[in-house]
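Starting from the known structure of chain A, arrange chain B on it as the hints suggest.
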Amino acid sequence: MTRTLNLNDIQGNVTRAYGRYSFPFARYIFFHFPTPLAGRGFIETVRQKVTTAARWPDKASRPKCTTNIALTFPGLLALQLPVRTLQAMPDEFIEGMKQRAFILGDRDQTETEEEAKAQDWDSHWDPIWRKSREPGTLGFGKDDVHVMVTLNAQSESEDAPDTPHAELEARTSWLLGVAEDCGVTHIQGVGAKGDQPYQDASAVFDDVGGTLRPTAKEHFGFTDGIGNPVFEGQLPLEIEADAVIGRGKLMGNGWEPLATGEFILGHPDESQELPPMSRPPEFMRNGTFFAFRKLHENVGSFDAVVNEEAERYAAIMDVPVDEAIETIRAKMCGRWSDGVPLSKVPTYAEWIAFGEAKGWRGDVDPLAAYAANLKYIASPEARDFRYADDMAGLKCPGGAHMRRMNTRDYLDPLNAAGVSDSGAQPENAKATSALNKRRRILRRGLPYGPPNTAHKDDETEQGVIMIIMGASLFRQFEFVQQQWIQYGLDFHQGNNTCPMLGNHEEHKRFTIPSDPKSGKPPYVMSKLKTFVECRGGDYFFAPSMTSLRMMAMGIVDPT
Amino acid sequence: MPDLDSGHIFLTTMAPIKPGAPADNPQSSYEQRVRIALAKFPTANQSPATVDDRYNSPFARNLRNHLARMFVLNDAIYNGRITQNPLLARLQGNNQAVPQPVDRLNAAYLVFCADVDAIENDGDPLPTTLSEGQQKAVRASYARKLWATMEEELRDVYSNCYGFEGVNSAGDFATYLDRCHVETTMPFHDYYLELDSAKFNDLPVKPLAIGVLAPLALGLVALVLWLLGAEHVPLLGWSTLPTWIVAIALGVVLSYLAIRYAIANGEKPLAPAKYDDLPSVLKALYTQQKFADFFIENQGLPPDQLHAAFGAFMAEHDPQNRQAMTQKPGVISSAGPENVTLKDAAPT
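Here the protein sequences come in this chain order: A and B.
Using my numbering, the final residue of the first sequence is 559, and nothing's skipped along the way.
Using my numbering, the final residue of the second sequence is 907, and nothing's skipped along the way.
For reference, chain A alone in the conformation it holds in the complex (with noise of 0.2 Å):
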């Protein structure tokens, strides 16, 4: 039986992605609480303008501006919370993200610890995460990140999309005077050059017909974000049916939601148990953990090494460049730069002709063709697909980024590989997610950085502000990001890490298979570069409206 949730006690970014449409601005403000009073007090007047998970009955009662709050373990413990309450929390939370940073690949991981330190492995983050989480403090460091405030904006008017509606603006001086009030630290210090009060973020904007628009890619132009998961009691019933299409799991009976406990702590997860949790049960129920990860690109090296690869490429299949160029990206990435999967539309003919046929390439208005690129990315058809009848990666590399962030059926053991002389593959009909259900993540966040008006490279601040959810970091996004993003045996890659995110100090590879009705052989790309960048960041606690409560009103009682 299906139990519905309490969405009025559920915080809104953990049910909603808010979206770069409907919300192409984000703003993250960070404090320090100097004393359990002060946190407390900041606490309570904050929790009462947070958006909450409640469903919007129509667009005109969407907020112009969102508020959700989230604490790192420090901010636990610096609120006092009871001793008993806080060792029970997970111990890569009670870590943090620097110090995971040896298996999450953040630091070069042929390294010991002395010698990344000796090199100041870190120099390159923001000062904001270099200072927090003081080595020697143990969790009581005076510049720590203690609470995340996460705003979230509508733009000003249709007219005006690349703007910020105003509420923005007085809702972040608003938070300020509330700190100043509360005697709460306001934490500045981000940026490269540490001189940003908070963390800004926005869609990335384009030129869309003379307009400056919110687009649905990140730097490097590719359509992100398209195949979030969809979890029991997450949306209404007359629209799940069609929004778990690709984004639920596989287990014989058509695409069903995630269950709800994968997502938000105290309710059954994959596995039929309840995620474990600190006493009381209530500070932690309908709470979730996320890790918040500022990840910069490098703009000028990816551009740089694609097109190389690319010259190489079209020689030996025998291209011109340019379509070696879109084919190259397409395979690192498994979609083409428009949100096409390429398991759904493997060669370049064939997306051309795609494009061509929904309407957004060839002699269109930019702005229908913007418009009809956008409904295809939000439709099922952009996301319903599979690979287990593709073993080979013929059609989607094996090691492309998005076979590795969400398997979907690759992995049943029970699925038959091989590939027939005229390129034939077993449908494996049957495959189930039985092996990916329990690593999925929610995708929070948004870009940062300038539009793709301006000019970027390896050294200008851009990138992705990736917010990671769920019950349990060390099994979802700890292990995606240690065992499928920076290593590659599960997709029978070895030590190759992903094409993208991947750190490729050491392993420089990418293996594009090629079908053997083509005649051509397979394509090694072997110079790749760390196009992806951890540039700091932390593991947080989003609490319910009930725990922000009773943090607020100093009454955690595990006892």
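What the hints contain is simulated information worked out from the structure, not anything from laboratory work.
Certain hints may be false.
[Said to hold, decoys possible] Listed below are several chain B residues computed to face chain A (Cβ distance under 10 Å; list not exhaustive):
| id | residue |
| --- | --- |
| 1 | A603 |
| 2 | P607 |
| 3 | Q848 |
| 4 | E856 |
| 5 | Q858 |
| 6 | G859 |
| 7 | S892 |
[Unchecked claim] In silico DSS-like pairs for lysine-lysine, Cα to Cα no more than 30 Å straight-line:
| id | chain 1 | residue 1 | chain 2 | residue 2 |
| --- | --- | --- | --- | --- |
| 8 | A | K527 | B | K887 |
| 9 | B | K887 | A | K430 |
| 10 | B | K849 | A | K520 |
| 11 | A | K430 | A | K456 |
| 12 | B | K765 | A | K117 |
| 13 | A | K508 | B | K599 |
| 14 | A | K59 | A | K430 |
| 15 | A | K527 | B | K599 |
| 16 | B | K887 | B | K599 |
Built from N, CA and C at the ideal position, the CB exists for glycine as well.
Chain B alone, transformed into the frame defined by chain A:
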């Protein structure tokens, strides 16, 4: 015979650790001394902290080990009382307030497990079956190999174990380890390279089921007819009384034999995979790495140049030769020349 499977010996040995401590060192019990000796074993050169280490794992000094593990087993795990339905206990007169006996080991044990090629001489092909005597000889050969390559470490560990005093040679150690040998009941092996069903001991389920069920079914029919007063089985014309007695008895005997057959079939060792011996595994790791480099360096070459380059590759890396141009045991990759057994360095 689960000790032998897929051409490997899955060795389990348990050596009891002496009670107490040496008279001159009461702070270090023998159990403590075993743990110290184990903690001092170098690990393989496979992590950033150990990759440049002078010392590799002592188990990397032979070419038979796929996996080896030594650990101290303190005691049997206590799972708590064996519970019983209170009503049943009452009826049977079991007083559940009385503590049950607890199973304990008579001493702490040093457990040594290993997955090794089931051969007596390096380079021998892996066998599918071995008699008890042959298995014993394989174990003894492995023990002698260990003594020859890591006597110092073995003495450090085993000198704290009961009955080791008289061990002074490879032969003594082989005898000692055999006294400690216990049967492995659940071997765990890596995957088959080829999923060829002929290599698996598939149970002929259908013929077995028909063989067992046919006489039982006939017996049941005859029994029902006999109870209904019929004297003969229709079509067959046999008397119902002897038919049901003989058929059911036959069914029971056949069931017993079928179960015995199924168990015996399950106990039969699987055949080794094609390249399952350690030298082949190491050569495969080496070749895979070198071939990936070759592929990248030469992709897109015209056929004649590619042919020439591949000839040079074959000559240099000699894929058929498992003794030379291969990765050394206990290292993470073949990238550094120090991790490769070169041709002139190979034993002749």
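Going through the hints against the structure:
no.	hint	in the structure
1	A603	16 Å, violated
2	P607	5 Å, holds
3	Q848	9 Å, holds
4	E856	9 Å, holds
5	Q858	6 Å, holds
6	G859	4 Å, holds
7	S892	8 Å, holds
8	K527(A) x K887(B)	28 Å, holds
9	K887(B) x K430(A)	43 Å, violated
10	K849(B) x K520(A)	22 Å, holds
11	K430(A) x K456(A)	46 Å, violated
12	K765(B) x K117(A)	65 Å, violated
13	K508(A) x K599(B)	36 Å, violated
14	K59(A) x K430(A)	40 Å, violated
15	K527(A) x K599(B)	41 Å, violated
16	K887(B) x K599(B)	22 Å, holds
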